[in-house]
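K.L.:
Protein sequence lines correspond, in order, to chains A and B.
So the mapping is simple: the numbering used here equals the position in the first sequence, first residue as 1, plus 1274.
So the mapping is simple: the numbering used here equals the position in the second sequence, first residue as 1, plus 1.
These are computed hints drawn from the structure, not numbers from a lab.
One thing to keep in mind: the hints can contain errors.
Reference listing, derived: stretches of chain A covered by chain B, where coverage requires no fewer than 3 residues with Cβ under 8 Å from a Cβ of chain B [as the list claims (entries may be wrong)]:
{"no.": "1", "segment": "1290-1300"}
{"no.": "2", "segment": "1333-1340"}
Chain A is nowhere near these chain B residues, computed Cβ spacing over 12 Å in every case [as the list claims (entries may be wrong)]:
{"no.": "3", "residue": "V75"}
{"no.": "4", "residue": "D183"}
{"no.": "5", "residue": "V240"}
{"no.": "6", "residue": "P251"}
{"no.": "7", "residue": "L264"}
{"no.": "8", "residue": "L326"}
{"no.": "9", "residue": "G333"}
{"no.": "10", "residue": "E404"}
Here are the simulated lysine-lysine pairs, BS3-like style, with alpha carbons at most 27 Å apart [claimed, not checked]:
{"no.": "11", "chain 1": "B", "residue 1": "K380", "chain 2": "B", "residue 2": "K366"}
{"no.": "12", "chain 1": "A", "residue 1": "K1282", "chain 2": "A", "residue 2": "K1597"}
{"no.": "13", "chain 1": "B", "residue 1": "K393", "chain 2": "A", "residue 2": "K1363"}
{"no.": "14", "chain 1": "B", "residue 1": "K81", "chain 2": "B", "residue 2": "K288"}
{"no.": "15", "chain 1": "B", "residue 1": "K288", "chain 2": "B", "residue 2": "K393"}
{"no.": "16", "chain 1": "A", "residue 1": "K1363", "chain 2": "A", "residue 2": "K1282"}
{"no.": "17", "chain 1": "B", "residue 1": "K375", "chain 2": "B", "residue 2": "K81"}
{"no.": "18", "chain 1": "B", "residue 1": "K393", "chain 2": "A", "residue 2": "K1417"}
{"no.": "19", "chain 1": "B", "residue 1": "K256", "chain 2": "B", "residue 2": "K288"}
{"no.": "20", "chain 1": "A", "residue 1": "K1564", "chain 2": "B", "residue 2": "K288"}
{"no.": "21", "chain 1": "A", "residue 1": "K1564", "chain 2": "B", "residue 2": "K256"}
{"no.": "22", "chain 1": "B", "residue 1": "K185", "chain 2": "B", "residue 2": "K393"}
Yeah, the Cβ is synthetic: ideal placement off N, Cα and C, and Gly gets one too.
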Amino acid sequence: MENMSAAKRLLRSKLFSLAAVTAVVVLIFYLIRRSYLGVDNIRGILNSMSLSGTIGVGMACLLIGGGVDLAAGAEGCFGGVMVALLISKAGAPWPVALVAVILIGAAIGAFNAFLINVLNFMGFIATIGVSSMLQGIINIITKARNISISDRGFWSIGTVAVANLFTLPFMIMAALVVVYGIILSRTRFGRTVYMCGGNRRAARLSGLNPKKISTILYINCGALASLGGAILAARMHSGSPKAVLGSELDAITAAVLGGVSFMGGAGNMGGCFIGLLLLCSFNNGLISVKLASYWTIVAQGVLLIAALIADYFNVRARARELKAAGA
Amino acid sequence: MKRSLAVLLSALLCMSAVSCAGGNPGESPPPSVSSGGSPTAEAPPSGGEPSAPPDASTPAAATPAEPTATGSVVGRYADKSVDYFSREPYEFVYMVNGMLVIHQLLGEALADWGGRVNYNYSEYDSGSDMNAFLTTMETYATQGYDGFFVDPDVTVAQRTAELAEDLGIPIFPVLVPMRDNDGKLITPGLHLDSIMVGGLQTQWLIDNYTNYWGDVDPAEIGYLFLYASFNKNLVDNMVGARDKFQETWPDTFEKNYYDGDCLALGVSIEAGFDYTSSIFTANPDVKYWFVSSCLEDYGQGAARAAEDLNMEDRVLILSNGANTLIPDWQGGYDGCWVAALHYANEIFTEPIACGLVALADGRAKPEDLWPEYKQPGEKYALYVVPTVIITKDTYQDYLQYVEDFVSGLD
Chain A
1275 MENMSAAKRL
1285 LRSKLFSLAA
1295 VTAVVVLIFY
1305 LIRRSYLGVD
1315 NIRGILNSMS
1325 LSGTIGVGMA
1335 CLLIGGGVDL
1345 AAGAEGCFGG
1355 VMVALLISKA
1365 GAPWPVALVA
1375 VILIGAAIGA
1385 FNAFLINVLN
1395 FMGFIATIGV
1405 SSMLQGIINI
1415 ITKARNISIS
1425 DRGFWSIGTV
1435 AVANLFTLPF
1445 MIMAALVVVY
1455 GIILSRTRFG
1465 RTVYMCGGNR
1475 RAARLSGLNP
1485 KKISTILYIN
1495 CGALASLGGA
1505 ILAARMHSGS
1515 PKAVLGSELD
1525 AITAAVLGGV
1535 SFMGGAGNMG
1545 GCFIGLLLLC
1555 SFNNGLISVK
1565 LASYWTIVAQ
1575 GVLLIAALIA
1585 DYFNVRARAR
1595 ELKAAGA
Chain B
2 MKRSLAVLLS
12 ALLCMSAVSC
22 AGGNPGESPP
32 PSVSSGGSPT
42 AEAPPSGGEP
52 SAPPDASTPA
62 AATPAEPTAT
72 GSVVGRYADK
82 SVDYFSREPY
92 EFVYMVNGML
102 VIHQLLGEAL
112 ADWGGRVNYN
122 YSEYDSGSDM
132 NAFLTTMETY
142 ATQGYDGFFV
152 DPDVTVAQRT
162 AELAEDLGIP
172 IFPVLVPMRD
182 NDGKLITPGL
192 HLDSIMVGGL
202 QTQWLIDNYT
212 NYWGDVDPAE
222 IGYLFLYASF
232 NKNLVDNMVG
242 ARDKFQETWP
252 DTFEKNYYDG
262 DCLALGVSIE
272 AGFDYTSSIF
282 TANPDVKYWF
292 VSSCLEDYGQ
302 GAARAAEDLN
312 MEDRVLILSN
322 GANTLIPDWQ
332 GGYDGCWVAA
342 LHYANEIFTE
352 PIACGLVALA
362 DGRAKPEDLW
372 PEYKQPGEKY
382 ALYVVPTVII
392 TKDTYQDYLQ
402 YVEDFVSGLD
């Protein structure tokens, strides 16, 4: 009986619905074009997940904790440009440069947290301001040009692959998903994040410190965004003043698709991962079937709306069940 | 609450999706940014203008930037009769309606020209507020400015020209030629012939692929042109490239041409990577690939994708713009990104800087500048920016040419 109810729960879970939708999408594209599930294409899909995924891990934690960082793309761009400058212009060894840009990203995250938690600015506005500022600084220091990186050791971060399928950027992203998934679901800190995101006031009244949690999450988001930008720079062999910008929206989309609530307090890393997989598989499929780009944009919007509608009915069904149970 | 938000968000997404879908790539083209500083200008008129042949082996010969042989030197730096330093420096301002990277790069080049033709340079960005743009023009006029480099919104180009005329101050458009509501030029201007440039890109690949692959059957070659359809110039670049491919190899066009509109992925290296990677892996039956791009970032992304898929020996990439590629070549890069259509910002801005000085000097009226570039029915000239295709073997010649062009005239 218990087994049946567990199976029922699994079937009704958001994660399962999302995985099913992803499987259907993959199947459709596979039927249209058999090379869709070729090793090279799967590798391409996984590769395309790495940037948004790395940023998305930090973003999902932040969203669950009740915040949002619209500067994450600019932070990633800044990370990519800085790692290129440190390696190519300052002659820093790449591991040093990589650590340095993660710290720089963390510092930017701390600045975001200062604006939001100390000066009490709204997260949306504050991070948009920081994003604009960072983009300006990036253009000033690069003179709006790409910074080439010739350190082949650094390139290897972007090119090493296991079984010619799992590239290092993807594996780093996957490792982050697992680690942060465990932190969120199995640790006291993780539960605190959910509590602060779900009801900040209640969390404060129960003795938690939401501002401290929020600060940690913003720092974390900045550091991961910067790491994502640095990894992209390794893949592309250059730091570009236009790279990564806008990736925060992909990260947010993937998180929302994966069940993370924009209001905070709900969601998990597994959902984010599948949401991102769905998004990237979908985008890759649309390109491979030669859909006109304007229709691609429409299709992306439809996918997101479909996920939201599914979520809406899911929530409504649960509410009915709870009501029935209460009666 | 959540339910309401979900419904609201869905409605907003629907509206944004519809508005995206309703966009017409041919409408209201914003100034485009060619990666790393390659400006693209307005849609070209019919052919026939002086332009650069795609001869990578003789880059200097491919740049008709020296007007002395056939054309007017008034408003060009080649006019040796002018002593630029016999007067006080002019005060010129570059007024932009929404500063983009390309404006910054061209602004740097214009500032450099100020040192050679004696003007003080400053910049103003109206932040997409055309009212502020126009009122600030008046403010600059009252402050005694002598000339305006301008990039207004295309919808108020005519009003901008009229205001400048009322103020009695010469103007010169930088990135996009200024036209009236009938499409006629209302000032002299510059442009890249995007369709012709696209044709040159394709022609170079067709002319040179045997040097890399030997005697390969054209039927085995796929052609992917990467562009973004939000801008008419970029679309024209693709059209020129596509049509040349179709014209040259009509039998293989239907099967082997791939339209690479990266609009949905954005303008970035990663967009080029993801698009190229998807197309390559979706078409494993295509043995060889030409990849050409309207932006350098797309070309760079395509190069990384080819490397990632270990296809370097089966791919030839030619980008529009080489500001990243040149440093890569200098660093020893020798991969499948083999060529680029390029022009230096110094070359692009020279007629603009010298033209405005000539107008401010009173040495020429706007309609007098560069008569050899006037199209039938037009009152003003539309100077065609010289371009050249460079390779690892020829880029140094081109850099030397640019250096000679600038420093030799100092």
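K.L.:
For each hint, tell me whether it holds in the structure or not.
P.N.:
These are the hints, each one checked on the structure:
1. Counting residues of the segment 1290-1300 of chain A whose beta-carbon sits less than 8 Å from any beta-carbon of chain B gives 0, not enough to reach three: the coverage restraint is violated.
2. For a cut-off of 8 Å, the count of residues in the segment 1333-1340 of chain A with a CB near a CB of chain B stands at 0, and the three-residue condition is violated.
3. The non-interface label for V75/B is consistent with chain A: the shortest C-beta to C-beta separation is roughly 33 Å, beyond 12 Å.
4. D183/B, annotated as away from the interface, keeps every beta carbon of chain A farther than 12 Å; the closest lies near 29 Å.
5. Distance check on V240/B: its Cβ is at least 15 Å (rounded) from any Cβ of chain A, clearing the 12 Å threshold; non-interface status holds.
6. Distance to chain A confirms P251/B as a non-interface residue, since its nearest Cβ pair spans about 20 Å, more than 12 Å.
7. For L264/B, the non-interface assignment is contradicted: its Cβ lies about 4 Å from the closest Cβ of chain A, within the 12 Å cut-off.
8. At roughly 9 Å from the closest C-beta of chain A, the C-beta of L326/B falls inside 12 Å, breaking its exclusion from the interface.
9. Distance check on G333/B: its Cβ comes as close as 7 Å (rounded) to a Cβ of chain A, failing to clear the 12 Å threshold; non-interface status is violated.
10. Separation of E404/B from chain A is adequate, the least Cβ-Cβ distance of about 18 Å exceeding the 12 Å criterion.
11. Taking the CA atoms of K380/B and K366/B, the gap is near 11 Å; set against the 27 Å cutoff, the hint holds.
12. Straight-line distance between C-alpha atoms of K1282/A and K1597/A comes to about 19 Å, which keeps the hinted pair within the 27 Å bound.
13. The straight-line distance between the Cα atoms of K393/B and K1363/A is roughly 23 Å, inside the 27 Å bound, and the hint therefore holds.
14. Taking the CA atoms of K81/B and K288/B, the gap is near 55 Å; set against the 27 Å cutoff, the hint is violated.
15. At most 27 Å may separate the alpha-carbon atoms for a hinted pair to count; K288/B and K393/B meet this at roughly 24 Å.
16. Simply put, K1363/A and K1282/A have alpha-carbon atoms about 58 Å apart, too far for the 27 Å limit, and the pair is violated.
17. The hinted pair formed by K375/B and K81/B meets the criterion: a straight-line CA distance of about 23 Å does not exceed 27 Å.
18. Annotation: proposed proximity of K393/B to K1417/A holds, straight-line Cα distance about 24 Å (limit 27 Å).
19. About 13 Å separates the Cα atoms of K256/B and K288/B, which keeps this hinted pair within 27 Å; it holds.
20. Note on K1564/A and K288/B: the hinted pairing holds, with a Cα-Cα distance of about 19 Å set against a maximum of 27 Å.
21. Restraint check for K1564/A and K256/B: satisfied, since their Cα atoms lie roughly 13 Å apart, inside the 27 Å limit.
22. Using a Cα cut-off of 27 Å, the hinted pair K185/B and K393/B is violated, with the two alpha carbons roughly 40 Å apart.
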